[in-house]
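Protein chains: 2
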Amino acid sequence: MTYRAPVTDILFTLEHAAGLGRAREEGVYADLDADTLAAVVDEAGAFATDVVAPLSREGDRHGARFADGAVTTPPGFADAYRRWTAAGWNGVLADEAHGGQGLPVAVWAATTELWASGSLAFGLCPMLTHGAIEAIEAHASEELKERYLPKLVSGEWTATMNLTEPQAGSDLALLRAKAERAGDGSYRISGQKIYITYGEHDFTDNIVHLVLARLPDAPAGTRGISLFLAPKVLPDGSRNDVVCAGVEHKLGIHASPTCTMVYGENGGAVGWLVGEENRGLACMFTMMNNARLGVGLEGVAIAERATQDALAYARERRQGRANGSEGAAPIIAHPDVRRMLLTMRAMTAAARGICYRAAVEIDRSRAAADPAVAKAAHERASLLIPIAKAFSTDVGCEVASLGVQVHGGMGYIEETGVAQHMRDARITPIYEGTNGIQAIDLVTRKLPLADGETVRIEIASLRDVVRRAAETNAPELGAAAPRLAEAIDALDHATAWIAAASRSPAEALAGATPYLRLFALAAGGAALVEDALAELRAGEGALGRVALARFFAENIATGASGLARSVTEGAGALDGAAAEAALGI
Amino acid sequence: MTYRAPVTDILFTLEHAAGLGRAREEGVYADLDADTLAAVVDEAGAFATDVVAPLSREGDRHGARFADGAVTTPPGFADAYRRWTAAGWNGVLADEAHGGQGLPVAVWAATTELWASGSLAFGLCPMLTHGAIEAIEAHASEELKERYLPKLVSGEWTATMNLTEPQAGSDLALLRAKAERAGDGSYRISGQKIYITYGEHDFTDNIVHLVLARLPDAPAGTRGISLFLAPKVLPDGSRNDVVCAGVEHKLGIHASPTCTMVYGENGGAVGWLVGEENRGLACMFTMMNNARLGVGLEGVAIAERATQDALAYARERRQGRANGSEGAAPIIAHPDVRRMLLTMRAMTAAARGICYRAAVEIDRSRAAADPAVAKAAHERASLLIPIAKAFSTDVGCEVASLGVQVHGGMGYIEETGVAQHMRDARITPIYEGTNGIQAIDLVTRKLPLADGETVRIEIASLRDVVRRAAETNAPELGAAAPRLAEAIDALDHATAWIAAASRSPAEALAGATPYLRLFALAAGGAALVEDALAELRAGEGALGRVALARFFAENIATGASGLARSVTEGAGALDGAAAEAALGI
Numbered sequence: 001m002t003y004r005a006p007v008t009d010i011l012f013t014l015e016h017a018a019g020l021g022r023a024r025e026e027g028v029y030a031d032l033d034a035d036t037l038a039a040v041v042d043e044a045g046a047f048a049t050d051v052v053a054p055l056s057r058e059g060d061r062h063g064a065r066f067a068d069g070a071v072t073t074p075p076g077f078a079d080a081y082r083r084w085t086a087a088g089w090n091g092v093l094a095d096e097a098h099g100g101q102g103l104p105v106a107v108w109a110a111t112t113e114l115w116a117s118g119s120l121a122f123g124l125c126p127m128l129t130h131g132a133i134e135a136i137e138a139h140a141s142e143e144l145k146e147r148y149l150p151k152l153v154s155g156e157w158t159a160t161m162n163l164t165e166p167q168a169g170s171d172l173a174l175l176r177a178k179a180e181r182a183g184d185g186s187y188r189i190s191g192q193k194i195y196i197t198y199g200e201h202d203f204t205d206n207i208v209h210l211v212l213a214r215l216p217d218a219p220a221g222t223r224g225i226s227l228f229l230a231p232k233v234l235p236d237g238s239r240n241d242v243v244c245a246g247v248e249h250k251l252g253i254h255a256s257p258t259c260t261m262v263y264g265e266n267g268g269a270v271g272w273l274v275g276e277e278n279r280g281l282a283c284m285f286t287m288m289n290n291a292r293l294g295v296g297l298e299g300v301a302i303a304e305r306a307t308q309d310a311l312a313y314a315r316e317r318r319q320g321r322a323n324g325s326e327g328a329a330p331i332i333a334h335p336d337v338r339r340m341l342l343t344m345r346a347m348t349a350a351a352r353g354i355c356y357r358a359a360v361e362i363d364r365s366r367a368a369a370d371p372a373v374a375k376a377a378h379e380r381a382s383l384l385i386p387i388a389k390a391f392s393t394d395v396g397c398e399v400a401s402l403g404v405q406v407h408g409g410m411g412y413i414e415e416t417g418v419a420q421h422m423r424d425a426r427i428t429p430i431y432e433g434t435n436g437i438q439a440i441d442l443v444t445r446k447l448p449l450a451d452g453e454t455v456r457i458e459i460a461s462l463r464d465v466v467r468r469a470a471e472t473n474a475p476e477l478g479a480a481a482p483r484l485a486e487a488i489d490a491l492d493h494a495t496a497w498i499a500a501a502s503r504s505p506a507e508a509l510a511g512a513t514p515y516l517r518l519f520a521l522a523a524g525g526a527a528l529v530e531d532a533l534a535e536l537r538a539g540e541g542a543l544g545r546v547a548l549a550r551f552f553a554e555n556i557a558t559g560a561s562g563l564a565r566s567v568t569e570g571a572g573a574l575d576g577a578a579a580e581a582a583l584g585i
Numbered sequence: 001m002t003y004r005a006p007v008t009d010i011l012f013t014l015e016h017a018a019g020l021g022r023a024r025e026e027g028v029y030a031d032l033d034a035d036t037l038a039a040v041v042d043e044a045g046a047f048a049t050d051v052v053a054p055l056s057r058e059g060d061r062h063g064a065r066f067a068d069g070a071v072t073t074p075p076g077f078a079d080a081y082r083r084w085t086a087a088g089w090n091g092v093l094a095d096e097a098h099g100g101q102g103l104p105v106a107v108w109a110a111t112t113e114l115w116a117s118g119s120l121a122f123g124l125c126p127m128l129t130h131g132a133i134e135a136i137e138a139h140a141s142e143e144l145k146e147r148y149l150p151k152l153v154s155g156e157w158t159a160t161m162n163l164t165e166p167q168a169g170s171d172l173a174l175l176r177a178k179a180e181r182a183g184d185g186s187y188r189i190s191g192q193k194i195y196i197t198y199g200e201h202d203f204t205d206n207i208v209h210l211v212l213a214r215l216p217d218a219p220a221g222t223r224g225i226s227l228f229l230a231p232k233v234l235p236d237g238s239r240n241d242v243v244c245a246g247v248e249h250k251l252g253i254h255a256s257p258t259c260t261m262v263y264g265e266n267g268g269a270v271g272w273l274v275g276e277e278n279r280g281l282a283c284m285f286t287m288m289n290n291a292r293l294g295v296g297l298e299g300v301a302i303a304e305r306a307t308q309d310a311l312a313y314a315r316e317r318r319q320g321r322a323n324g325s326e327g328a329a330p331i332i333a334h335p336d337v338r339r340m341l342l343t344m345r346a347m348t349a350a351a352r353g354i355c356y357r358a359a360v361e362i363d364r365s366r367a368a369a370d371p372a373v374a375k376a377a378h379e380r381a382s383l384l385i386p387i388a389k390a391f392s393t394d395v396g397c398e399v400a401s402l403g404v405q406v407h408g409g410m411g412y413i414e415e416t417g418v419a420q421h422m423r424d425a426r427i428t429p430i431y432e433g434t435n436g437i438q439a440i441d442l443v444t445r446k447l448p449l450a451d452g453e454t455v456r457i458e459i460a461s462l463r464d465v466v467r468r469a470a471e472t473n474a475p476e477l478g479a480a481a482p483r484l485a486e487a488i489d490a491l492d493h494a495t496a497w498i499a500a501a502s503r504s505p506a507e508a509l510a511g512a513t514p515y516l517r518l519f520a521l522a523a524g525g526a527a528l529v530e531d532a533l534a535e536l537r538a539g540e541g542a543l544g545r546v547a548l549a550r551f552f553a554e555n556i557a558t559g560a561s562g563l564a565r566s567v568t569e570g571a572g573a574l575d576g577a578a579a580e581a582a583l584g585i
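Going down the list, the protein sequences come from chains A and B.
With the UniProt record's numbering applied, the first sequence closes on residue 585, and no number is skipped along the way.
With the UniProt record's numbering applied, the second sequence closes on residue 585, and no number is skipped along the way.
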């Protein structure tokens, strides 16, 4: 149960698998030398380990509590939040003009992983604030920026995103919240929003709500949605007409208040437009990449913490003999337990590699002097984001479940704390676009980017990693290169199949989820090999990264061919009268 | 949330995939015609639907409560238990000589699934009583049988199994509970046992504990363990020296009291030997097949209920357009959601087919006149049991998790009820031998049965199903036959690899878990095809079973080749200094 921030692993993967080292040579990280990066991640790791991680269990037991419109967070949360903002962690990414530190996305990604490992419920609050800061920076008027950005960047105030309504989840076209022009440039908002993370809490005096709503004369569907800023406390100090009507009783993240927010019970909540009327969804898209990457990092974070717990237990717990041991051996010596633990380690590292690579591509897209390079990097990041989000959160759930299994009966007892990881992780494949939505995004929007050139370049870069691995002839890599080459072949084949001119949308969509997993196996395996090659080059140490790359390639990436088959030959089974009979429709 | 017992599916799968029809022709079910079978399952289905299923949610919310050594079960549980025993359901399997109905294991299996679907926490109590009845029938003295069996069979009393101690879980060699000879033929037992299901409750006046303990002069290890019967209330009406010291706070099955039992705080709990001294583990083996099958059926049960909930939600919930729908379509129309639902249906049906086939083999082993047939059937059942237990419980977890995903944000809210399925299911891969232990049992004890003839016959029978499928040339089966043939080839190859004389135990154990999964994909796929062939022969209806068989073969069994590769080429990555570095040892 003692979390230790994996600072060395994070820095190593950033440098190698994520390509930060290469990007630095290109000048992408001109303002961030390696020592500064290491110092920042180390400092964040210490805070996550010492201050945030101890909140997790009590936060789960106590939960966020609701009474009379107010929410009380668990003991220690508000204090930790204040220490965290005082240390400047809220402003890592934000523009220096608004009081932020203007650090690269790669640094934000590393710190985001660390807070979420410490306590997912704690890390959610700043995650939402960050999204709002991005949207406001990109789209709000100068007046709104001046009024709200400094306090959001310092963390003196927090922010929320209000999208979902009971009838409008994945499908925002169905949303009904209303906004009317007040005549003075402001708007009056009314309606109910659900699942609002930290919609109400006791961390700060004010909460800035970003709300999607429709104007009276707006067109139907997604082109009639506008984005508004409606603070809990108005500039004149009065309470706005928005209240928290309750918090959900959830499977996990108990310390994070998931609020039902009611706007306009007394004439309408005062709000101001962000961006243009009816262009609210475009504003949301601005922050989507970072938000989805952030949730992917939550998956990595929980997987990391679950793995640490399982490793610690498996080294201590003695059951059964192994390798001719005298008496019972630590269960880590049993091949089956070892397979579970290596799976946990390798999956976590693969997901981390993909997430951090997306972060570096975002940084490249922002820093590159050559617009063509910037565009290509942006497209590469856009391609990787749905994979980073969906694969990493699936990994979070799978690894947390394996962690319970490693603990045996103890894992099922709540006091042990590892069942909580499973409960906490389970939200991440759902929110910020379900993993099904991510797969659809990958297949329908990301594969066609740059006429397919983006994915072609990505696959070529995966092949390049494998080629370099094969050239080492290092026996420690086992069959990693050939197994990974097969996975990439399978990916290539499935990609071409989806892109074929004759492909119907329904056929392509039917295989979207196995396709995303297939992509992740190839990209994750390549990330591990990239780290392994760096370890081999360094020529010292016990080659633990090489072992992970080999394990992943030989035992996990081997699933690629079956996934490719589901993509290219599995769609037929989903349709028709027989399939509908099987589903009772 | 409305559970409807899947009586038609159960009867169909028993008859075809499980081979009950064929066994009936052999005379295995001489005392049970098809109508009687159908009537019993139908009646049990009605009870599970009307009486047991409504307990589930409130049981989870309320939980079993402990105070002053007593356990209070949630509202309605004790009453439902009494109605259930009054209806005679507790005695389905037990010998008629002791008041049971002496029905076949196939019937017990069907009813076990139904109670567990209704409420896993409820179904656990009789599951434990059944195990004790089996052990007492097989090994206890006539006096103990007379004193305890009638009331255990009627359900007037319940029973428990006391194996685990804090330091002794999977490794019973480490157990320390003591038993001393009292000189009058009885024993005095002392020690602490943990994780005792229904160790204390308010259903009945007495509880019969079966306890593993060591005699003072017993040899070390598993050959020094004896089995004792120690009732809560002694024959003279006095309380025995055994108390419940507390109940665990668990991830799920909240309504099932998981007790810490303390024996002998006041001189020793009175107990009587069951079987011979130091032969306690052999007695446990007697009931192991049924107990493990029972837990496998719990996996099927939860998967079934989770699937019903997800299907109902997906037919109602409207989000996004599909197939050019006017306005939002039910999400079941979206290919990605449909893939999840078909996966849930197909995995559930495959696990059910494997479990019920094991049940029919047990019945054949008991009823066959020819000892060679009986022996072969017993070995076949023994081969299938670890697969039935481990695969079905993994399926329970995976399907329950998919059910949460289908529900989106709603799935994460406890009130919806589907997160409970996930929490409840998570214990089943752990108890009654972890799934890792099942895989080791399969590879080390079951593959060598009859010099490998048992597994050879099993694989040949899978091939026979595929051959018959291919011969139909039915277009509705799609590529089911070739895909399944490939899965069986992969299984055959992996089996030969494990059996090779040169194979070290460590190599074989390293691939045990992927091997078990591989076996289940082939056997589960064949079970679905067997049902599909029966549906095709009947020549009527909408061919839902054909669709499931096709979906499973084309989309799930396609994972077989990757699993075979993990078995035959993955072991090297688990060992050596690099792997140990990766695990921090």
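Simulated from the structure, these hints should not be mistaken for lab results.
Any given hint could be a false lead.
To be verified - Just a few of them, taken from the derived set where beta-carbon distance is under 10 Å, the chain B residues facing chain A:
#, residue
1, GLY69
2, ALA70
3, GLU277
4, ASN278
5, GLU326
6, GLY327
7, ILE457
8, ALA460
9, SER461
10, ARG463
11, ARG545
Even glycine gets a Cβ: it sits at the ideal position worked out from N, Cα and C.
Here's how the hints hold up against the structure:
no. : hint   : verdict
1   : GLY69  : violated, 20 Å
2   : ALA70  : violated, 21 Å
3   : GLU277 : violated, 24 Å
4   : ASN278 : violated, 20 Å
5   : GLU326 : violated, 12 Å
6   : GLY327 : holds, 9 Å
7   : ILE457 : violated, 27 Å
8   : ALA460 : violated, 24 Å
9   : SER461 : violated, 24 Å
10  : ARG463 : violated, 20 Å
11  : ARG545 : holds, 7 Å
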